[in-house]
Structure formats: structure tokens, C-alpha cells
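In the order they appear, the protein sequences are chains A and B. Whatever position you read off the first sequence (first residue = 1), add 2 for this note's numbering. Whatever position you read off the second sequence (first residue = 1), add 2 for this note's numbering.
These aren't lab readings, by the way, just hints derived from the structure by calculation. Where hints are given, some of them may not hold.
Same chains, same names: a pair is fine if it fits in one copy or spans any two.
[As the list claims (entries may be wrong)] Only pairs whose alpha carbons sit at most 30 Å apart, straight line, appear in this in silico DSSO-like list of lysine-lysine:
no. : residue 1 : residue 2
1   : K225      : K210
2   : K225      : K62
3   : K27       : K67
4   : K37       : K200
5   : K158      : K23
6   : K113      : K183
7   : K83       : K200
8   : K37       : K225
9   : K210      : K10
10  : K21       : K158
11  : K27       : K13
12  : K109      : K13
13  : K158      : K210
14  : K62       : K200
These numbers were taken from a predicted model, which means no experiment stands behind them.
2 protein chains.
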Amino acid sequence: MITSLNNKTVKEIAALSQKGKERNKKDVFVVEGVKMFMEAPEERICGIYVAGSTEQALLKTCGEKLSRLSYELVSDEVFGKMSDTMTPQGILCLVQQFHHDLTFLLKNGIKERKLFIVLEDIQDPGNLGTIFRTAEAVGASGIIMSRHSADVYNPKTIRSTMGSVYRVPFVSVEDIPSVIKALQEEGVSVYAAHLGGKTCYEAFDYRKSTAFLIGNEGNGLRKETVDCADVLIRIPMEGSVESLNAAVASSVLLYEAYRQRRV
Amino acid sequence: MITSLNNKTVKEIAALSQKGKERNKKDVFVVEGVKMFMEAPEERICGIYVAGSTEQALLKTCGEKLSRLSYELVSDEVFGKMSDTMTPQGILCLVQQFHHDLTFLLKNGIKERKLFIVLEDIQDPGNLGTIFRTAEAVGASGIIMSRHSADVYNPKTIRSTMGSVYRVPFVSVEDIPSVIKALQEEGVSVYAAHLGGKTCYEAFDYRKSTAFLIGNEGNGLRKETVDCADVLIRIPMEGSVESLNAAVASSVLLYEAYRQRRV
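Bound conformation, chain A alone (with noise of 0.2 Å):
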């Protein structure tokens, strides 16, 4: 059992929760508590740490996942050191960092009813995590991000995922309007939500390849971004709200999609 806080390992995880550099040149991100340990695809787990005082507990809800696996026993102390959260779970793991790929994923899903989701700039960590859960939700092929967005695998975005981020397939780009050039070859109909949009979101039919761009919390999208855009979709809104949350434009959009294609 590791005890000690100067412990190389400890360090090591608490450097890896905070600092996406960290992350970046291990190839591995850290998960926290049951559920994302027991949706980790196995073959990606590559380190499993446990706290003393739950391990007897966690034996049972993780049933026979845990057993199987080995995994490295700490002391409280040593866990609160490493863990990321106010109330641990107790269990963390390190899994291996996902390379997918942009040509694959331009080719994931149905060919004519693909559903992407492109996030130019988006910073807040809880509402990349939220909308990697809804993309999932409504089985969007992927999402694509601009390289200056929230980080993946920031500690607050894999906890918003709820482990979508395990399922949905997501790149991160270096320019957007090339992307949005690429997705149009497959025949993809690219929508930017965007205030300026003339008409509202409802009255266009997602129900063939659809692609949503969602901008940045304080500014949207770029001017070059929007440009390129088949389409500028404004999602209305009374009193005087200026713009919605990231999250609930990306939400209203893709369930709108969903909706039209189960009807």
C-alpha cells in the first residue's frame, strides 16, 4: 500500500489531474468513482488505484471488473492527494488517450444521416463534457473541435461526459473551415448557430447528414467559420437574453435533429 505523499507515483497522478501537458506526453488521462472506472474499455486501463478504506466495498459494486484487474492500494490521505474531486469514490484509474481519426470519422455512422457536432473555442470544461453526453444521446457520429477549445481530458470535462467520452468518436482540428470543406464533400449540410441567422432552427429537415457549429461562450463563431457554412440557424429566444449556454444551443439543435429523424 502506497502511504506517502512524496511517493514518485502520487506525485505523478496529481501532475497528470492538473496539467494537460502532463496528460499529453504519457498518453493517458485520469478517470474518478465507479462508473467511469466501469465503463473504461478494459484494454485502455493502464493503472487502477484504490483507496484502503473502500476497497472492501468497491470489490462488490465493481463485482468481478475489479477482481480481475490488478490494481495498487493507497492510503486515504494518499487518494485525497491524488484525487481530483470533494467526495472520492476511492477508485481512480489512468487510461490510454484517444487518437481518433478525422478521415474515419467523416465516415462514421449511416451514410446519409451522419450527425456531427463542430466546437470552435468552446473554454468551459463542464459544457464540453455535457455535450459529449448529449451527442451520445442522440447518437451523433462525432464531435470535432477547434485546438484551442477545453481541453478532453481535463479532469471537469471527463466527469461531465458521464463516460460518453469512451463512445463518441472526437478530433481535435487546427482549422476549422477546412473541416467544414471536407464535411460538405460527404455530403454533409453544415448549420451554424449564429444570431444572425435569418431563419429559425426548426424549419430546416436534419434528417439527411447534418453537421451543427457552435462558437465560442463570449463570442461565437468566427467570421471565417460562419462564412463557410451552408446555412446561419438562430435559435430564438424572448426577454432579453442575449445568447444560451453552449451546452443547451448544442442540446436544443441536436435533439431538434434527433427528433426529426424518430418521427
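Add chain B to chain A, keeping to what the hints say.
Here is chain B on its own, set in the frame of chain A:
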């Protein structure tokens, strides 16, 4: 200019940011930033604090509203202690709490076209604030929350409302089932978002007066609450998603009602 971190006012404001009890005792809440100051109803503002280094810029940005009202200057260090944000904008106000009345709330809006959202034990301040923002965007008549929901006046909630807290009437109630009865007596149909719902949400007509019940992030709605609802509705989900984020679920339902009302 207040320059001492030990100044009584400074300590009081830090306590008002941090403690719900203090806020309720003094019947005020703290708002930060230019937008929240500009949108605050003037008659409710009972204190304005400006960081020395930002005064001149703020007098420009905030125009005559700031020049007209009296404010207290504080040193940047003192402002940092008062502030709850990572990158403070240098303006912070105390605003009088709202005391909306349930009877008034139930009568609010066009008689046959009311739209309520009823929240049972929503725990996350960000979710609660985001629901306020979306509720204003769809022209909702009001928000009803159980007593054990997150605190509306928590600085995180306030920030997430983006000013909607000033404009959407809300009440906190002891007993949700009795409120459901009161809504039904007003002719409002009450729909519970529930995983056990047999019919998808979009199958219903929300053009008449409608209320949506949304449950706690982890546990959903209580059984006694679900039992009072007129209909259980389901938001369909693909993949391994077990539930949606509470603010996302609220948005999907509120925007579907708003879509139907606009068509």
C-alpha cells in the same frame, strides 16, 4: 478608498459571497461584473464597489448608470478578496433578494399559455443558473424549486443565469406535490420527465399551459412527485447514456414547448 483587508465591510461582503445564511439574514446577494451591474434593477441595488484601477474604464463601459449612482472605491487587493471570480472585472454590487409570491407566479403569463419549470432538489448551481437563462429565453412564466435545491443566490448560480435571475419570477417551496395540485387547479398540465415514461416528450401538445418536472441530478424525481404528475414523458436516448444533464433535459423540453407555440 477602502484599502484594508480587515475592513468590516470587506469581511461582510466576503461572507455574503460565501455563505447563504449571511445572504438570507441581510436579504441581499452579491453580483459581479459589468453585465450583472448593468442589468440589475436600480431600485434593488444597495451597494456598489469598484476596484481603483478599473474605475475610469468602468465609468466608460457602464455609462451614466455608474456615474449617477454612488459607489465605494476599494483597492485592487481588497477587491480581490471580495470577489468570487478568477478574473474580476472590478465591479461588484449588493442586490436586494427577490420575494416572489407563489400565488402571483401561478397567475403569471397569458392565461392559456403559461409555461413553468418545477425543479426538485437540483444540486448544481451551474445547472440551476443555466435553467434560469433558458427559461427566460423561451418566455417561461416562472420557476418553482424545492427547498433543497441549490441556492439561487450562490455566486455560481447567479453567474450562470447571465442576468435572467432579475427577470424570471421564481419561488422556493416546501412541498412539491401541493404545488403540482395548485398548478393543475390553474389548468396547467404537469409533465414529469422520467426514465419510466412510456411516450416520448414530442408526442404531447404543449401549446396550452404546461409545467415540466425535473428531478435531482443523481436520483431523478421522488416517487410521490411523479405520482402527482398528469403524464410521464421520456426524453429518448441512444447509446449507453443513462440520463441527460438536468439543464440539458430542461432545455430540450422548454424548447420543444416553445417550438410548438411558435409554429
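query: Which hint numbers doesn't this structure obey?
result: 7, 9, 12, 13, 14
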